[in-house]
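Undergrad: One-letter residues, chain by chain:
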Amino acid sequence: GAGVSQSPSNKVTEKGKDVELRCDPISGHTALYWYRQSLGQGLEFLIYFQGNSAPDKSGLPSDRFSAERTGGSVSTLTIQRTQQEDSAVYLCASGLGFSSYEQYFGPGTRLTVT
Amino acid sequence: GDSVTQMEGPVTLSEEAFLTINCTYTATGYPSLFWYVQYPGEGLQLLLKATKADDKGSNKGFEATYRKETTSFHLEKGSVQVSDSAVYFCALLPGANSKLTFGKGITLSVRP
Chain A
83 GAGVSQSPSN KVTEKGKDVE LRCDPISGHT ALYWYRQSLG QGLEFLIYFQ
133 GNSAPDKSGL PSDRFSAERT GGSVSTLTIQ RTQQEDSAVY LCASGLGFSS
183 YEQYFGPGTR LTVT
Chain B
13 GDSVTQMEGP VTLSEEAFLT INCTYTATGY PSLFWYVQYP GEGLQLLLKA
63 TKADDKGSNK GFEATYRKET TSFHLEKGSV QVSDSAVYFC ALLPGANSKL
113 TFGKGITLSV RP
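Residue numbers (the numbering used here), protein chains in the order written: chain A, 83 to 196; chain B, 13 to 124.
FYI, nobody ran anything at the bench for these hints, they're computed from the structure. Please note: incorrect hints may appear among the correct ones.
Derived DSBU-like pairs: lysine-lysine, alpha-carbon spacing no greater than 30 angstroms straight-line [what the hints assert, rightly or not]: (1) A:K97 with B:K116; (2) A:K93 with B:K64; (3) B:K64 with A:K139.
To give a feel for the contact side, a few chain A residues facing chain B, derived at Cβ under 8 angstroms [what the hints assert, rightly or not]: (4) Y115; (5) G133; (6) N134; (7) L173; (8) E184; (9) G190.
Over the 12 angstroms line for every Cβ pair with chain B, so calculated as not near, a few chain A residues [to be verified]: (10) K93; (11) V94; (12) E96; (13) K99; (14) D100; (15) S144; (16) S155; (17) T158; (18) E167.
Predicted model only: the values in this text are computed from it and were never measured. Don't be surprised by glycine CBs; every beta carbon is placed ideally from N, CA and C.
Okay, chain A solo, but in the shape it has when bound (with noise of 0.2 angstroms):
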C-alpha cells in the first residue's frame, strides 16, 4: 500500500519568508509526527498528532513554526519568517496510535534557506 508522502521533495527559499511543508499519511493511521534531521543536531521531534489534536508541541523550536492537522489526515507544518538556521530535513512520520510503537517515516523535504 501507500506510504507516507511529503511535499515538496526539495524546497529554497529565501531568509524571511514563509514556507510551508505537507505531509500525507499513511491511510488509518491516527497518529502523525514531525521531526526535523540536520546536520548540527541530528534528528529532532517537533510534534505529535493524535487525530487533528496535538498533544504535544514540546519539540518546536520557536513560535515561528506551527503545523495542524485537519480531518484526521493531512498536516502541514508551517514556519513563518524563515532563518537559514531553519535548513534541514523535514520527516514527517505515522502510526496506527492507541498503543501502536511503530511509526512509518516519509522520504522528508529538504528546506534550504538562502
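Using the hints provided, position chain B relative to the given structure of chain A.
TA: Using the frame of chain A, we list chain B on its own:
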C-alpha cells in the same frame, strides 16, 4: 531526560566482515528500542525493534538484544554486504504514541 548514545563513526568494513554498532540509552521506565536505517537517497526505515528486556529484534540478518542491566541495544550482523552501506540510527520510545529519541547515527560503508 531520555537520551541515546551511539558509537562514533564512520565505520568502514570489507564485505563479509562482522559488524557491531554500539548503542546505550538513558530513560525512566521501560522504553521500547529500535534501530532505523537510512539508505542513500532514501527515507528512514525501521530495521528492527524490541519492546521489553531480553527481547531480541532481528531482520535482514541484523540482530539486537534489549539488555536492561547494561542499558544497551547493540546492533550486530555476522556478514555485511555492500548493500548494507547506510546510516544507522538507534532510538527509544518511552511508550506508545510518544516521541522517538534518536542517537546521532553512524555511517556504515562496506567495500567489496
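Undergrad: Each of the hints needs a verdict: does it hold here or not?
TA: To see whether the hints hold, each was checked on the structure:
1. A:K97 with B:K116: holds, 27 angstroms
2. A:K93 with B:K64: violated, 40 angstroms
3. B:K64 with A:K139: holds, 27 angstroms
4. Y115: holds, 7 angstroms
5. G133: violated, 11 angstroms
6. N134: violated, 15 angstroms
7. L173: Holds, because the Cβ-Cβ distance from A:L173 to chain B comes to roughly 7 angstroms (cut-off 8 angstroms).
8. E184: Hint on A:E184: holds, closest Cβ of chain B at ~6 angstroms, below 8 angstroms.
9. G190: holds, 6 angstroms
10. K93: Consistent with the label, A:K93 stays out of reach of chain B, its closest Cβ about 16 angstroms off (over 12 angstroms).
11. V94: holds, 18 angstroms
12. E96: holds, 26 angstroms
13. K99: With a cut-off of 12 angstroms, A:K99 remains clear of chain B, as the shortest Cβ separation is near 26 angstroms.
14. D100: holds, 25 angstroms
15. S144: Non-interface label on A:S144 holds, nearest chain B Cβ at 18 angstroms vs cutoff 12 angstroms.
16. S155: With a cut-off of 12 angstroms, A:S155 remains clear of chain B, as the shortest Cβ separation is near 17 angstroms.
17. T158: holds, 19 angstroms
18. E167: For A:E167, whose nearest Cβ neighbour in chain B is about 18 angstroms away, the distance exceeds 12 angstroms, so it holds.
Figure legend: structure checked against the earlier numbered hints; hints not met, in rising order: 2, 5 and 6.
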